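Novice: Residues per chain are reported as follows:
2 protein chains.
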Amino acid sequence: MLDQLDLDRTLDKHDYKRHLGELQLRLYDLQQALFEARRPAMIVFEGWAGTSKVGTIGLLTRRLDPRGLRVHSVTPPRTYETMYPWLYRFWLKTPSYGQLALFDRSWYRQVLAERTTEKTATAEWRSRCEDIVSFERQLADDGTIILKFWLHIDRKEQARRFRKLAADPLTAWQVTSEDRWQNKHYNAVYAAVEDLIARTDTPYAPWSLLPATDKRFARIAVFETITTALETQLGLAATPRADRQDEAFDASGASFRRSLAPAQASGAHATANGHAAPGATAIEMPPMAVSGVLRRADLSQKLEQKAYDHELTELQAKLHLLGFQVYTQKRPVVLVFEGWDAAGKGGAIKRITEKLDPRSYVVHAIAAPAGDDKAHHYLYRFWRRLPPQGNIGIFDRSWYGRVLVERVEGFARADEWQRAFAEINEFERQLVEFGTIVCKFWLHISPEEQLRRFEERQNVRYKAWKLTDEDWRNREKWPQYAEATDEMLLRTSTPAAPWTVVESEDKRFARVKVLRTVVRRLEEELGPIKL
Amino acid sequence: MLDQLDLDRTLDKHDYKRHLGELQLRLYDLQQALFEARRPAMIVFEGWAGTSKVGTIGLLTRRLDPRGLRVHSVTPPRTYETMYPWLYRFWLKTPSYGQLALFDRSWYRQVLAERTTEKTATAEWRSRCEDIVSFERQLADDGTIILKFWLHIDRKEQARRFRKLAADPLTAWQVTSEDRWQNKHYNAVYAAVEDLIARTDTPYAPWSLLPATDKRFARIAVFETITTALETQLGLAATPRADRQDEAFDASGASFRRSLAPAQASGAHATANGHAAPGATAIEMPPMAVSGVLRRADLSQKLEQKAYDHELTELQAKLHLLGFQVYTQKRPVVLVFEGWDAAGKGGAIKRITEKLDPRSYVVHAIAAPAGDDKAHHYLYRFWRRLPPQGNIGIFDRSWYGRVLVERVEGFARADEWQRAFAEINEFERQLVEFGTIVCKFWLHISPEEQLRRFEERQNVRYKAWKLTDEDWRNREKWPQYAEATDEMLLRTSTPAAPWTVVESEDKRFARVKVLRTVVRRLEEELGPIKL
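Line order of the protein sequences matches chains A and B. Just so you know, we're using the numbering used here here: the first sequence kicks off at 1 and counts up by one. Just so you know, we're using the numbering used here here: the second sequence kicks off at 1 and counts up by one.
Isolated chain A, as found in the complex:
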């Protein structure tokens, strides 16, 4: 998840100022609209120490009507608060109908602290996450709009900020020993954060993960996310936000473009009698996808034939032995391949299977659902193709079709594909908890390279069957697929089941990277192999 974020995103001063004024006004109007609709909203700011959450909250509130606003700063629980169930102090901080509550840290801080410093057991951790999910669901069912931000910087940047703050006697006090502890244990906290986000990212209380290296960028991104989500939830997004953003913010390099789900823009929550309207309406998912994972991939990476031959031989030999370990240690393995048409999924899969015992794996080529598969839940196709213990299931395309082709082509409704992120994370977590080893690959090429390969396929007789009209049609929707892919990589790359983006402009490089990733992952789980 977090590793998919582009921490180098920036916004220049001029653009920043231009947007800020407009956004503050929009937010002011939205606060009135919230009040009139009697809808409460909770906005949670979490993130690494040093990401200036307080400054961001200050900026948000500056123009707002203080009567309709509450800011809660969450510290460790006071003694009297420990005398109540742990959510008690947050129950009391829920905003009243029509009110906007901003949380500088929240219930997430508490469970993260418990997990990282007190090392709570996994069972306790799961139970806390369950409590959070039910807490947020109950409030959303009652009409509350919930948005959650994680402001992300890397370890070095955090250390740099601490040094800067510490150097000035006027700000040195801001760096606490807890903050220094966090920097020292950055990696452990990082893993806990990713797991926490994966467990609590729901359609009715979604997370927005934002790169916060550049404060101006982060702040405008926060404003944009909040205003867009409020407008959609309040049914005020008459002009699709996409257009406005294209004009305004998109030009500056950050894409917040989102297709609006009409079903959700209908203001279903308007309340007349103080009772909220039905059900936890899914919130228009905020632009987690300011990641630009794909844009950042270095497609110039290559591998020479000689190095390729050498590496391939060694990795395949290791994989052969690891296949035997999979069998004896009775672990199921799931390898997922997604990627652009002609990116080389088939070739990569072939290099994996070549030296494996043919009884130990199955390759599933996933096309559009048909027959029985079409008459079931979209996961059924994959439930029934799961590998048993000791076996390797290789998926050439997968359940991610739900958030790729089905999303882009409109085969799934917006609420369906938005729900799918949480469903897929749940599904993969169940696999991993059973002991399954899961690796997921996105094979990435440039549109130019794709064209070259398409043309080659057209011209080489024995490759022509591989190219269909559909491939050409998909190609026309490159930007939509890129956006869907970015969001998919961000929302579903979990510690339990991470994505690997494979730069595939050079086939040799791609194949070796896939093999090396699989081998490393299997060695981590099954023990190292010596040749």
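Heads up, a few of these hints could be off.
Note that the list lumps identical chains together, so a pair holds whenever it fits in one copy or between two copies.
Cross-link-like lysine to aspartate or glutamate pairs, in silico, DMTMM-like; alpha carbons within 20 angstroms at most [claimed, not checked]: (1) K184 to E118; (2) K93 to D373; (3) K330 to E433.
These are calculated hints, taken from the structure and not from any lab test. Model, not experiment: these values are computed from the prediction.
Chain A is already provided as a structure; the job is to place chain B on it using the hints.
Specialist: Just chain B now, with coordinates in the frame of chain A:
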């Protein structure tokens, strides 16, 4: 929960036959309607061994089109099934769109067996329940109609049936060693069943608990529940079922009367393109409330003055000492009082508080929400009134208003009060997991006794203030309140937070029963008191 069921319900042969024919025809039509709407349905039969689940399923299927039907008999997992995640074998049994799947035992059998015979740890148990809830939610989100039955008999009846089966060489094989084990460990299984039901009773996959001592009664109840739920979900309940049932089945002594939620009768799930319609629509809650708890209360119970004085003195002395234990052992205590107007809640509460340290308790008289409380989630009123550790919170009326007055008077919509059962169970589970001791009382009187007390209040000057016009209005809705109460007692009496029905026709009897229950419960939790 299960203790609230009236196991003496019967249906005579004549009525049984009359209904059966009609219901089988209705079900046949509904199967066609399911098929045309492409909605899958899963009906789960769980219950004690010996409740003839197979016979019931046989009866259900007799007239149905076998092509649209699947019957799954769930045994312990086979070896190959243990090589997959535990839900795998159930994933594969999900019905295709338009199909009806009947489960003779299910995923619930597996987790119950693990819990009772293999003594799985609580964390594992919780995680299994979580898996089930997400499994059912994902399917419901996809349009699946899910109904779950627990067929209930008591331990003696089960033993009687085993003896009868064993006596006949033709049926003796039906009684397995697993069955006998269950009878021997009935109480432990019972506790696990109640906890399992409380954790998995959701609006989109609700449980129906049915008394099954009389097979005819149970079978017709199953038929009625299924046909009503399917009609509602498919939008075919144009004539409210209530009327038809009044004519048909209600006359025979079992009340299935249900007010239909118009929002849910609108067939929101009709599908054109094979994609299911949005969101996990709440299923019209099935008639769990064939309990008649109230009807069965023996209101003739009395206590003479002398015995009352004696018992009161002793119980209050114990309670005084227990109050001190509550403080030293730092446990929060929550006592909930609900009941008919003029049933004596105030008097009972007074007998509890009389000898308690005045610093140790707070009595909350709960009227209609106002001010801040009205502008928040309905639980907020209670979140903020929770007792801290070492304190006793006494609620004269409570969060149960959501499923009583708010339901009957229409202050809450059907989807809101139906959702509230699960919300309340979740809320109380969180309290109990924190260490809170929860007792809940329903003070029960007859309408005649209420009238007598109303008139007395009218005539005795210093009591007149207690009687309002609203009391008279509520009284006119006695049957609706009785139905709401029955369902509340059934759905929210959990092992963690049980209800006690207090026969209150005689005030002395009622007060002593309340005190005795509180004292016993506190002694169980805090240790016995010797005077």
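Novice: Hints first: check each against the structure and report whether it holds.
Specialist: The hints, checked one at a time:
In the homo-oligomer, the alpha carbons of K184 and E118 lie at most 20 angstroms apart inside one protomer (16 angstroms), although the nearest pairing across protomers, at 43 angstroms, exceeds that limit. In the homo-oligomer, the alpha carbons of K93 and D373 lie at most 20 angstroms apart only across protomers (13 angstroms), although the nearest pairing inside one protomer, at 46 angstroms, exceeds that limit. Taking CA atoms no more than 20 angstroms apart as the test, K330 paired with E433 passes inside one copy only; the shortest distance there is 14 angstroms, against 36 angstroms between copies.
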